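**Q** These protein sequence lines are chains G and U, in that order.
When we follow this note's numbering, the leftmost residue of the first sequence carries the number 13, and every step to the right adds one.
When we follow this note's numbering, the leftmost residue of the second sequence carries the number 32, and every step to the right adds one.
If you are wondering where the hints come from, they were derived from the structure by calculation, not from laboratory data.
Owing to the predicted nature of the structure, the values given are computational and were not obtained by experimental measurement.
Take these hints with a grain of salt, some might be off.
[Unchecked claim] Computed list of lysine to aspartate or glutamate pairs in EDC-like fashion (alpha-carbon distance at most 16 Å, straight line):
1) G/Lys285 to U/Glu53
2) G/Lys275 to G/Glu300
3) U/Lys202 to U/Glu242
4) G/Lys275 to U/Glu138
5) G/Lys268 to U/Asp135
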Amino acid sequence: MISRSVSITRRLVVAVLILEILAALALIVAITLHERHIQLKAFDATLIGSAESLMGAVQDAEDEGDNVLLDLRGVHINNGSVYKVVDERGRVLGSAGEFAQLPPSISDSPGFHDVKISRRHYRFFVLHGLRIIDPGNSKGGVRHNISIVYGMRVGRVWHEVIEAIRFFAIATTLLLAVTAIFMVLSIRKSLSPIHELAHETDQIGDHNWHFIAPASAEETVELRPLARALEAALTRVQLSFGQQKRFTRDAAHELKTDVAIVKSSLQLLSMRKRTADEYSAGLALSLEDFTRLESTVEKLLNLARLEQSHDAGRLSAAQHSCSLKYAVEEAIQQSKPLAQLKMIEVTANIEGEASVSLEARDSLLLCSNILVNALQHSQEQGRVCVTVAALNESAVLTVQDWGEGISEEDRPHLFDPFYRGDVSRSRKSGGTGLGLSICKAICDRAGGTIEISNHPAGGAVVVVTLPLAI
Amino acid sequence: MRVLLVEDEQRLAANIMAAFREVGLVVDHASDGNTGSHLADQGIYDVIVLDLMLPGKSGQRVLHDLRQRSIHSPVLILTALDGKESIIQLLNDGADDYLSKPFDLGELLARVKALIRRGKGASTSVLTMSDVVLDTVHQTVTRKGEAIELSPTEYRILEYLIHRPLAVVSKREMLEHLYDFSWEHHSNVIEVHISNLRRKLNVPGAEPLIETLRHRGYRLTSSDPA
Numbered sequence: 013m014i015s016r017s018v019s020i021t022r023r024l025v026v027a028v029l030i031l032e033i034l035a036a037l038a039l040i041v042a043i044t045l046h047e048r049h050i051q052l053k054a055f056d057a058t059l060i061g062s063a064e065s066l067m068g069a070v071q072d073a074e075d076e077g078d079n080v081l082l083d084l085r086g087v088h089i090n091n092g093s094v095y096k097v098v099d100e101r102g103r104v105l106g107s108a109g110e111f112a113q114l115p116p117s118i119s120d121s122p123g124f125h126d127v128k129i130s131r132r133h134y135r136f137f138v139l140h141g142l143r144i145i146d147p148g149n150s151k152g153g154v155r156h157n158i159s160i161v162y163g164m165r166v167g168r169v170w171h172e173v174i175e176a177i178r179f180f181a182i183a184t185t186l187l188l189a190v191t192a193i194f195m196v197l198s199i200r201k202s203l204s205p206i207h208e209l210a211h212e213t214d215q216i217g218d219h220n221w222h223f224i225a226p227a228s229a230e231e232t233v234e235l236r237p238l239a240r241a242l243e244a245a246l247t248r249v250q251l252s253f254g255q256q257k258r259f260t261r262d263a264a265h266e267l268k269t270d271v272a273i274v275k276s277s278l279q280l281l282s283m284r285k286r287t288a289d290e291y292s293a294g295l296a297l298s299l300e301d302f303t304r305l306e307s308t309v310e311k312l313l314n315l316a317r318l319e320q321s322h323d324a325g326r327l328s329a330a331q332h333s334c335s336l337k338y339a340v341e342e343a344i345q346q347s348k349p350l351a352q353l354k355m356i357e358v359t360a361n362i363e364g365e366a367s368v369s370l371e372a373r374d375s376l377l378l379c380s381n382i383l384v385n386a387l388q389h390s391q392e393q394g395r396v397c398v399t400v401a402a403l404n405e406s407a408v409l410t411v412q413d414w415g416e417g418i419s420e421e422d423r424p425h426l427f428d429p430f431y432r433g434d435v436s437r438s439r440k441s442g443g444t445g446l447g448l449s450i451c452k453a454i455c456d457r458a459g460g461t462i463e464i465s466n467h468p469a470g471g472a473v474v475v476v477t478l479p480l481a482i
Numbered sequence: 032m033r034v035l036l037v038e039d040e041q042r043l044a045a046n047i048m049a050a051f052r053e054v055g056l057v058v059d060h061a062s063d064g065n066t067g068s069h070l071a072d073q074g075i076y077d078v079i080v081l082d083l084m085l086p087g088k089s090g091q092r093v094l095h096d097l098r099q100r101s102i103h104s105p106v107l108i109l110t111a112l113d114g115k116e117s118i119i120q121l122l123n124d125g126a127d128d129y130l131s132k133p134f135d136l137g138e139l140l141a142r143v144k145a146l147i148r149r150g151k152g153a154s155t156s157v158l159t160m161s162d163v164v165l166d167t168v169h170q171t172v173t174r175k176g177e178a179i180e181l182s183p184t185e186y187r188i189l190e191y192l193i194h195r196p197l198a199v200v201s202k203r204e205m206l207e208h209l210y211d212f213s214w215e216h217h218s219n220v221i222e223v224h225i226s227n228l229r230r231k232l233n234v235p236g237a238e239p240l241i242e243t244l245r246h247r248g249y250r251l252t253s254s255d256p257a
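Just chain G, with the same shape it has in the complex (with noise of 0.2 Å):
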């Protein structure tokens, strides 16, 4: 089920063009801040240039009382430009615009003035100056003190800003168009490696285990480890799926064969009509030969009820405790018949109870299988030693025999079902090659550990070690 489904490309788009636009708009601010300051001193030029220019065209009017006009020839007036130019006496030599609102202490003062007219922004530059005219007279020429009031409506300014920023905002949109397109494109190549990897992991199945991955998330720095670790996944999970397998082939393998000399025990003996005694020796037989096919279900069985649910096991051999001496001894009362018929003396050293995290049944299987083991492992008349010590919190059982000890090419394979060794230890010599797998299942239940090595005057040693119980 797919609650809720979030794409990669679609957020990596998405944050680059909020960041982008949010990068826009700090400049479109930046860039409206610096045109207004760029385009309110160009505007102030501008009325200071247009106030000289009315200066300059105060002219001698050539009369009796040594009066000035206005002269507006080759003089530039912007458009929709308001002005007034009065002389000293009050006379208005020229003027433009509506004048009737503006305040009249604004002429006053020279320099800047703020003015709204008609509810329109107006901005003003009030010049004094001193127009001498007809200056080569006898007194120096005549003075006229002008004052020149010039305005323009202020609007001209931001419309300029607004042009700025609307080419700014043009060139804006495109750039994040041809990003977004440029980062969907990279994206989507950069994630193909990703679909390459999920093709091939999707050809796993039942019967194919093997898994590469493909050379392009193997050259991806961030699938690199993604990729490492299916492999190694999956080379675990074929492992143990392939360990399974023999053990549900060889299970069967046992016990078909098992069934298969039961079968032609009684086969053979039911081919032709036979005398009482063949009949009472052919049943012993096939009585041995159930016996056998019981004991290798049994053993299934408990290798089976050992291994399943392993922490679930060690929860419950915590909660059991019993004696590994008794299991011992025990056990060597069991091995009797086998140890007197091969004249083989085992020896007994047990120190203390040892009492371990073990079910009493587990704790025995764990024993008698060391020890019979030990005890087809020897020569006739020979001797097998089992002690039992404790030593730091833990239950060290040792079971030495003085027989072939093992090689280095079985060593890695003891405790693997049905392992048997080689040729000398095939069938014949009556194990199923489950002993040692089930005591290495019943020591790792317990959180012990099982080694068996071979000792220096010739033969194998088994060591058990087991955390005493609490």
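Place chain U on chain G using the hints.
**A** Then chain U, alone, in the frame of chain G:
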């Protein structure tokens, strides 16, 4: 007829050998692959019954080596393994038949007999040679419709000869196929049995059947024009 049984499981091998002997087959037994391979290399077996999981050398390997050395004895595989692939592989590698464990002893005997028959070129369990009819299932012999009582060894010799009509069969060959190795030095037992066979098959009005070729062996002759 001589059968080689290669099987490591002692009890099963004992049962199979006993059953084979009950029906008059001579059995040799090998309990590992290498011994099996060596015995089979003699090329004297009319059938080889081969287990797959063997110590030393696997059954597959034994079969492969056998065919590699041009030993053409029919091979019946005994397997406790499932899986059609391995069976197909084995049949392609030169096995002639297979039986899964646990098998029926009667079925094993029937299949072994069928393989012997096929190996000799016969297609049914009833063999005829001119007026002699030999039923390999019931192990009975008649001549001109008249039942003839034969000892197990005499029956085996006659069966072997009928399987190879008109061919000269040496005493050595008969010993190889019809006796356990321990009997090999009694080569004159063949002569005794042949003479007994001749006497028993000599019903009134019948032609002599077994011809002796000096220093070479014996041959069944057919009086029929066919």
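**Q** Now look at each hint and say whether the structure bears it out.
**A** Against the structure, the hints:
no.	hint	in the structure
1	G/Lys285 to U/Glu53	12 Å, holds
2	G/Lys275 to G/Glu300	12 Å, holds
3	U/Lys202 to U/Glu242	13 Å, holds
4	G/Lys275 to U/Glu138	12 Å, holds
5	G/Lys268 to U/Asp135	12 Å, holds
Taken one by one, the earlier hints all hold for this structure without exception.
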